[in-house]
Amino acid sequence: MAGTKKDSGLKQRYVFPFVVLAPLIVLYILFVYYPLGYSIWSSLHLWVIENPLKSTFVGLRNYIELFTANPRFSKAFSNTFIYVAVKTALVIPMGLLFAALLAHLRRGQRFYIFAVFLPALCTPAAIGVLFSYLFQTRFGLINHILKTLLLQPQPFLNSPKQALYCVIAVDSWAFVGLTTLIFYAGLLNIPEVFIEAAKVDGAGKIRSFFSIKVPLLGHSILFLSIYTIIIAFQTFDFLFVMTSTGSTGGSSGGPGISSYVMSLLVYNEGMLRGQVDRATAVATIMLFFVLLFTIIQFKVLRPKWEY
Amino acid sequence: MRSTGLTSKSRFSNKEKKELAGQALSHLVMILIALAFIVPFLWMLLSSFKTTTEIIKIPPSFFPKKFTINSYKMIFERLDFLRYFLNSVLIAGAIMVFSMFASSIAGFVFSKFKFRGKELIFVVFLAGMMIPFAVVVIPMYLLVAKMNLLNSYLGVIIPLVVSPFGIPFGTFLMRQFMEGIPMEMIEAARIDGASNFWIYFRIMLPLSGAGLGGVGIFTFLFMYNQLWWPLMVISRQKMRTLPLGIAALTFQQVIRYDMIVTGASIAIVPMMIIFAFAQQKLVKGVTLTGLKM
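Protein sequences, first through last, are from chains A and B.
Our numbering applies: residue 58 is where the first sequence begins, and numbers increase by one.
Our numbering applies: residue 36 is where the second sequence begins, and numbers increase by one.
Since the hints were made in silico from the structure, they are not lab data.
Since this is a predicted model, take the numbers as computed values, not measurements.
Note that CB positions come from ideal geometry on N, CA and C, so glycine has one too.
Mixed in with the good hints there might be a few duds.
[To be verified] If we take Cβ atoms under 8 Å as the criterion, some of the chain A residues that face chain B in the derived model are:
| hint | residue |
| --- | --- |
| 1 | LEU162 |
| 2 | PRO181 |
| 3 | ASP294 |
| 4 | VAL323 |
[As the list claims (entries may be wrong)] Cut-off 30 Å, straight-line C-alpha distance, at most; resulting in silico cross-link-like pairs (BS3-like, lysine-lysine):
| hint | chain 1 | residue 1 | chain 2 | residue 2 |
| --- | --- | --- | --- | --- |
| 5 | B | LYS100 | A | LYS204 |
| 6 | A | LYS132 | A | LYS218 |
| 7 | A | LYS204 | B | LYS92 |
| 8 | A | LYS356 | B | LYS149 |
| 9 | A | LYS270 | B | LYS53 |
| 10 | B | LYS319 | A | LYS270 |
| 11 | B | LYS53 | A | LYS262 |
| 12 | A | LYS256 | B | LYS53 |
| 13 | A | LYS262 | B | LYS319 |
| 14 | B | LYS319 | A | LYS356 |
| 15 | B | LYS50 | A | LYS270 |
| 16 | A | LYS256 | B | LYS52 |
| 17 | A | LYS218 | A | LYS204 |
| 18 | A | LYS262 | B | LYS52 |
| 19 | A | LYS270 | B | LYS52 |
| 20 | A | LYS204 | B | LYS101 |
| 21 | A | LYS256 | B | LYS50 |
| 22 | A | LYS356 | B | LYS153 |
| 23 | A | LYS111 | B | LYS181 |
| 24 | A | LYS218 | B | LYS92 |
| 25 | B | LYS316 | A | LYS270 |
| 26 | B | LYS50 | A | LYS262 |
Given only the sequences and the hints, what does the whole structure look like? Please build it.
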């Protein structure tokens, strides 16, 4: 009697996790790890659309071709890093500034947080098309403001030099609410003792912000920077809707190839040109960098990872 | 304190003045910043009530000269945006329900059971979160095509359920929340003969309700906003989600900006309403997960 009871207890403890996790693991293997393996596999082959299993192994040829003989890839590669650098350099300091202002205020935070964080919740595609209207060269709001201020109107999204930066600006505009919120919460979490101590030592508000609060926020700043880098590295939505080259069957990255990034290249090569091997080679290069950033994240943030 | 002589009182009020001036200045700066975030949305909403000609007028007008709802009529009647909206809600809703169920039950298993390989399986779960979507998107498309799920709801839903911000992130959060529930409660229920499902429904779920609600809201918002995967799977017009319908507006020979601002409004206004009503909860959720990371 006692034995069977123990048995059923054991059964309950071991069968239940299995029953729960098995279907999830199947889904996971099917839709995460199998595609991952497939990507790496096909990036090393000359992919044959009729029968992928008959593809011939070509080693690193797809990669070498990308780096040596593909202007679209060179453009996408450098643009991706520009995108990451500029976006991170915008949203981290601005988030800190907004958070400092919010923390300094005694009332009204709710409204300001609503304003700043709202774009972070909204559909990127919707924000993207909205700004393509605002950036419109002839009747857009932004050129209208420039003209009112007696400044030169700009071509914005129509210019190969400006298009990428316009998209980065919009993306950062939508993203800065997140960094603001997290820095703001971090600032409120700083114990009053530190600030009082600085006051006693005669530090002014600005001085105590830079020499006390910013270092104490160090962990959040690092975490959010790396998080922003990883997200920005994979950017797709804003570029896709803001840089479409008109009616060319859903191709983005224009004008010309001026605003290509790696995600966009994966889509354009894989879906529009059917070059699965080349597309997955680009994807695998992206995987390499994202894993690199992730390892840095774990290494740098180790001490805090105790939750 | 108040009656400590004239000199110190005037010094106090001086300090107060300085403080007030500082507050006023900060408000002024913050209002300007807030305007930079509000004006585009305001412009969008006002423009959606302008006529087709007014929207491309030079110079642009702030308030519509002739207030009209023609753009909305057109976008709902001719472009089927109601269907797109419902598709989006259905897809995001299904992913939300599935993720909430799966991640809460997986969170239960990961926080309250001991079995061999647990750590390894958890790492396998989390590691999937680091894989960029671009890496899996093409093989996933080939797979879904082979399963004959192109242009179907299931074809959109299943891969997104196991994408980083579906079950993996949900499981991670639910495990965190459930770890706080005392093991004694579970042991006591087990001695009374309760099954694991009973414990899950009657103890784990009620005690982690707030966390589960947070997972639900964020999953819904995140999936409602998805563009890339639906773009891969869906080519039939009727099956489009809202972001797809909006994106399609920019791939036209002649871009209709009246349709663009109206389409954007339809996607964004529900978010505004949700945010206005659930601001405190959403903000708390974001900062909690942000600070925990």
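Hint by hint, which ones does this structure get wrong, listed from lowest number up?
Structure breaks no hint.
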